[in-house]
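Engineer: If you want the building blocks of each chain, they are given just below.
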Amino acid sequence: MNFSFLYLMGVAGVGIFIFIALSVLILVWLERKVAGHIQSRMGPMRVGWHGLVQTLADMVKLISKESILPAKADKWLFFLAPFVVFIPAYLSYMVIPFAPKLIIRDFNIGLLYFLAIPSISVVGIIMAGWGSNNKYALLGGLRSAAQIISYEIPRALSVVGVVMLAGSMSTVTIVKSQSSIWFILLQPLGFLIYFISTLAEVNRIPFDLPEAESELVAGFHTEYSGIKWSIFMMSEYANVFAGCALCVVLFLGGWHGFLIPKGEPWSSVVSLIWFMVKTLILIFLMMWLRWTLPRFRVDQLMDLSWKVFLPLALINIGLTGLFILGALKLFS
Amino acid sequence: MEFYLLDVLLVLIFSGIGIILIALIFGLSKLISTAKPSEVKESTYECGNVPIGESWIQFRVRYYIFALLFVILDIEMIFLFPWAIVFQRMGLFALIEMAIFVGLLVVGLVYAWRKGALKWV
Amino acid sequence: MIRTEELQLNMGPQHPSTHGVLRIVLRLDGEVIVEAIPHIGYLHRGIEKIAENRTYTQVIPLTDRLDYVSSMMNNFAYVLAVEELMGIEVPERASFIRIIMAELQRIASHLIAFGTGGLDAGAMTVFLYCFRERERILELFEMVCGARLTYNYFRFGGVSQDFPKEFAESARNFIKYMRPKLDEYEDLLLNNYIFQKRTKGVGVLKKKDALSYGASGPVLRGSGIKRDIRKEKPYSLYDRFDFEIPVGKNGDTWDRTWVRLEEMRQSLNIVEQALDGLPSGKVKAWGVPRMIKPPPGEVYRPIESTRGELGFYIVSDGSARPYRMKVRSPAFSNLSLIPVVIKGHQIADVVVILGSLDPVFGEVDR
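Protein chains in written order, with the numbering used here: chain A, 1 to 332; chain F, 333 to 453; chain H, 454 to 819.
These are computed hints drawn from the structure, not numbers from a lab. Here a beta-carbon is modelled for each residue, glycine too, at the ideal position from N, C-alpha and C. Don't take each hint at face value.
To be verified - No more than 20 Å apart at the CA atoms, straight line, and that leaves these computed lysine to aspartate or glutamate pairs for DMTMM-like:
id	chain 1	residue 1	chain 2	residue 2
1	A	Lys-75	F	Glu-371
2	F	Lys-373	A	Glu-66
3	H	Lys-634	H	Glu-715
4	H	Lys-650	A	Glu-66
5	H	Lys-779	H	Glu-505
6	H	Lys-653	A	Asp-303
7	H	Lys-629	H	Glu-501
8	F	Lys-362	A	Asp-303
9	H	Lys-660	H	Glu-639
10	H	Lys-650	A	Asp-303
11	H	Lys-779	H	Glu-459
To be verified - Restraint ranges, calculated between C-beta atoms of paired labels, are given here:
id	chain 1	residue 1	chain 2	residue 2	range
12	A	Phe-258	F	Gly-380	56 to 64 Å
13	F	Val-403	A	Lys-72	44 to 52 Å
14	H	Lys-702	F	Trp-445	24 to 32 Å
15	A	Leu-22	F	Leu-400	36 to 44 Å
16	A	Lys-307	F	Ile-432	18 to 26 Å
What the hints assert, rightly or not - Just a sample of chain F residues kept apart from chain A, beta carbon distances all over 10 Å, derived:
id	residue
17	Val-393
18	Ile-432
19	Leu-436
20	Gly-440
21	Tyr-443
22	Arg-446
23	Lys-447
24	Gly-448
Let's have the full structure, built from the sequences with the hints guiding it.
Structural biologist: Shown next, in the form of structure tokens:
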């Protein structure tokens, strides 16, 4: 380990941050446009081409806005919560293989890392909820805890099948082992459970219980304003992107696709485009769901994940095991 | 050994970078934003009324038993991953073994379910 | 068990989904509601008292401000009461126009109730769809009387002006446009698995409770009681129209929402029949004096408003101003059900149940 390596990593860290900031700007714009067109209106139209710069303008507004600290809040919890929510979302980008060799660090337990790290965000949400000293925020924070204990297990169990097929937890190896067949074809049930649990993890309708604006006003970030609030917003969209990206890595063949030239210098660019397009399709699916469905109740979410998804995920593991055994028998 | 340490170190470095960058944004915001605190502005929001009672209370968490079950199953999950990696090499034996292990936990889960623990009390 | 404390939570008046300025003080045990006490009066303007200092005609615009999402209905009820007091005969065409307007208003108002019902459950899109449709009704109203919210359209003995020429066609177009939309909303919201999960068996209102709290309108009918003043005690010319009264089975939130959707269908039928049979003639009775001085006496005339039984009780002492005017507002009685229906449910259910009771605070607080 030498100095130039650390320097490179530092550049990569800032690079990811800029990537997150840019992707959030675009995703927020996209969400508004998708929502607008689903609801038969236009969405933002005034700032820039079809309102493209609208989110940038909003960002400037949010940075220059007063950040109110409630007199009764726990100052440290209140201040630190945005950090604790954002950092895990940021860290989870470390193991996403965007294209061959375009990955910050290929951990050999990359998948487990990805499952574990974003869950830390929940601690931040609870901190925000408790630290605000606001009853709505408190309820939102506690709902977040309820949410994590309900979706976390089905989510992790649903990817066990993928690990069994790939024989590795490294995200790069998982993508490489999908060169001939995407795992969604072998693991449709796993994909479904994983995708729905991801919806819950990134707090989106039908599982946006911690914020549930019609019930809890704004949930855990009721008391937040200005830049602190926008960090929450940013982490939410960063999580959306990361969750969908991992879904692509696990089930949709990652950077694999058709028409990728071999050995050419631009072949990894084509792979990157494939990866982004797949991720965007999943993100669009999430937005579509958000603007179509109502919201679950906390106990219903728990019922769903403990009584439906958990047994299904276990069955999925068993079936995958039998499938692999059968395949091994057949080809040996 | 050093390889794993490097990974951990990297995560720490990245956390550091993240914290510094967020702190920078906070600093920038502090520089250009206005700050005119007032008593009403800093008051706790409760739909326009003065809050009744405290919000830092011994809240009744109704999913307590779920949380206990969660811990058990979360550990089971950790055991499943290494098993899944070596599964292709181990074959049928591994499947039966894991079926027994998961089976025991499932029996526990079914028992809890029957007992009504998987209910929002 | 670990000792836990109850949480006292203020919901409203500044809350995104209390449908106006309702304040509910909730006592929570975890997320479950132990007690819910509604506090009203944030929108009190003293309309009943103001009415005592206005001439009868000047009260009509005041009634617009009662239930501001269905102003035509308030006009209708007030005007009917005064007409009964004075013994004015309304020309047939005017009655037809009134019924068309009232039923269109019912659709517009139910669209809001239906849409916000979805919004409360988290489905925002259906809300905006409903507002898009309501916009078309408001355009029809604008065509007829120039106003979009507070119409001030009804007069003693008729309405202020006749339909413009293009109205009939526009209204027919609207009916043609609206029918498939209602089916679409039924699929989008009522048949949605999550929405059914959120509303079926939630906020069950028993027949007994509904009757003893004086509930009326869709709230009462959702509980399975077939009661509609349009059929039971027909006013204006409602006995000439053919329509059904939808009745719910379980009295839960879903039933109330369904009843509203079904009522919109029936209202479309009524409007269509009225447009078909619209007679020609005058739209205002002849010989109604400019300064109304009803003979001394009292009258109570209820109509089936969007939210239920809306009645004006008017006491006249023979002068040009009402001696006393009391509004029997359906939303007020329906709102008083809150402690009964909400108790034992969760916070998430509060807004959904409240939305299904569909209160409008202009009418509750008056």
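Engineer: Could you tell me which of the numbered hints above are not met by this structure, giving the numbers in increasing order?
Structural biologist: Violated hints (numbers, rising): 4, 7, 8, 9, 11, 13 and 17; every other hint is consistent with the structure.
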